[in-house]
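S.K.: Sequence:
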Amino acid sequence: MIKELNVVDRNEETKRRPDWLRVKLPSGEKFKEVSNTIQKHSLNTVCSEARCPNMGECWGNGTATFMILGDVCTRSCSFCAVKTGRPVQGLDWDEPRRVTDAAKKMGLKHVVLTSVNRDERKDGGAPIFAETHRQLREAIEGVTIESLIPDFRGVWEALQIVIDTPPDVLSHNLETVPSLYRTIRPQAKYKRSLELLQRCKDQGLRTKTGIMVGFGEERDQVIELMQDCVDYGVDVLTIGQYMQPTKMHQPVEEWVHPDQFAEYKEIGEQLGLEHVESGPLVRSSYHAERHV
Numbered sequence: 135m136i137k138e139l140n141v142v143d144r145n146e147e148t149k150r151r152p153d154w155l156r157v158k159l160p161s162g163e164k165f166k167e168v169s170n171t172i173q174k175h176s177l178n179t180v181c182s183e184a185r186c187p188n189m190g191e192c193w194g195n196g197t198a199t200f201m202i203l204g205d206v207c208t209r210s211c212s213f214c215a216v217k218t219g220r221p222v223q224g225l226d227w228d229e230p231r232r233v234t235d236a237a238k239k240m241g242l243k244h245v246v247l248t249s250v251n252r253d254e255r256k257d258g259g260a261p262i263f264a265e266t267h268r269q270l271r272e273a274i275e276g277v278t279i280e281s282l283i284p285d286f287r288g289v290w291e292a293l294q295i296v297i298d299t300p301p302d303v304l305s306h307n308l309e310t311v312p313s314l315y316r317t318i319r320p321q322a323k324y325k326r327s328l329e330l331l332q333r334c335k336d337q338g339l340r341t342k343t344g345i346m347v348g349f350g351e352e353r354d355q356v357i358e359l360m361q362d363c364v365d366y367g368v369d370v371l372t373i374g375q376y377m378q379p380t381k382m383h384q385p386v387e388e389w390v391h392p393d394q395f396a397e398y399k400e401i402g403e404q405l406g407l408e409h410v411e412s413g414p415l416v417r418s419s420y421h422a423e424r425h426v
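Oh and the sequence shown: position 86 is 220 in the working numbering, straight run, nothing missing.
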């Protein structure tokens with residue numbers, strides 16, 4: 135029996151981040167090089183759009199997560215800093231080439247892709263994922279790819295477009311426990327996301343999902359979610375601390391202690407998940423090269 139560990143009481147002051155969440159400001163030549171490459175190729179990254187706390191570390195190591203399908207999302211999740219609205223009509227068919235050119239210039243052997251939601255389109259933008267996969271494999275020998283995809287509103291024909299030109303890791307985030315979906319992820323459905331992951335697993339893909347904690351979820355709810363991941367064939371789970379990007383976004387209910395993250399990792403792997411990446415600063419693409 136694993137001993138239950140305490141988290142910081144949610145009634146305590148949460149505006150001040152604890153010491154374990156303090157990170158260095160981005161700097162260094164490699165950081166500047168990555169930044170310049172992204173700007174030169176007119177690309178978006180989830181690192182900057184979502185205000186990731188690991189941007190300094192990852193860019194300093196020459197890695198970045200490319201965000202395709204533009205920078206305007208059709209959904210309004212209460213945790214996310216990406217712009218919401220109605221995207222410019224059509225798809226940017228030059229985007230796969232720019233991503234590929236940037237990845238070559240950066241010398242990447244593992245490329246991580248994510249995207250905004252494009253719910254105004256029946257195909258959800260899936261053809262751009264497929265074309266980016268194709269061009270990356272043609273241009274970079276031995277490249278591995280992780281794609282963090284939206285749920286395509288459950289239009290499985292759109293999902294199949296991605297599966298037919300598969301990445302090495304197919305990722306789709308659950309984000310939070312099901313009881314908080316109405317508040318945190320109102321335009322999504324927990325069971326639909328699980329079905330997406332299972333459909334990918336059933337066709338032989340390596341699957342991955344991620345959640346954030348600190349929204350007010352209970353420990354037992356996180357464990358139940360991990361069991362769902364096992365039951366639906368998920369290989370890799372990431373767990374990180376939610377950090378409010380602006381005052382307009384969902385407030386932090388609790389700062390989860392690093393010991394609790396360590397316990398979640400232990401429990402998840404005991405339940406049958408192949409790998410759990412769990413820690414306060416973990417994000418879905420953090421150390422992604424280890425998840426292939």
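A portion of the hints provided could be inaccurate.
As the list claims (entries may be wrong) - Across the chosen pairs, the derived CB separations fall in these ranges: (1) G219 x V364: 32 to 42 Å; (2) D257 x W154: 36 to 46 Å; (3) Q321 x R151: 27 to 37 Å; (4) D153 x A215: 19 to 29 Å; (5) G367 x A215: 36 to 46 Å.
In case anyone wonders, no lab produced these hints; they're calculated from the structure.
Heads up, the beta-carbon is just placed ideally off N, CA and C, and yes, glycines get one too.
S.K.: Does each hint hold? Answer for all of them.
M.R.: Here is how each hint holds up against the structure:
no., hint, in the structure
1, G219 x V364: 32 to 42 Å, "37 Å, holds"
2, D257 x W154: 36 to 46 Å, "42 Å, holds"
3, Q321 x R151: 27 to 37 Å, "29 Å, holds"
4, D153 x A215: 19 to 29 Å, "23 Å, holds"
5, G367 x A215: 36 to 46 Å, "31 Å, violated"
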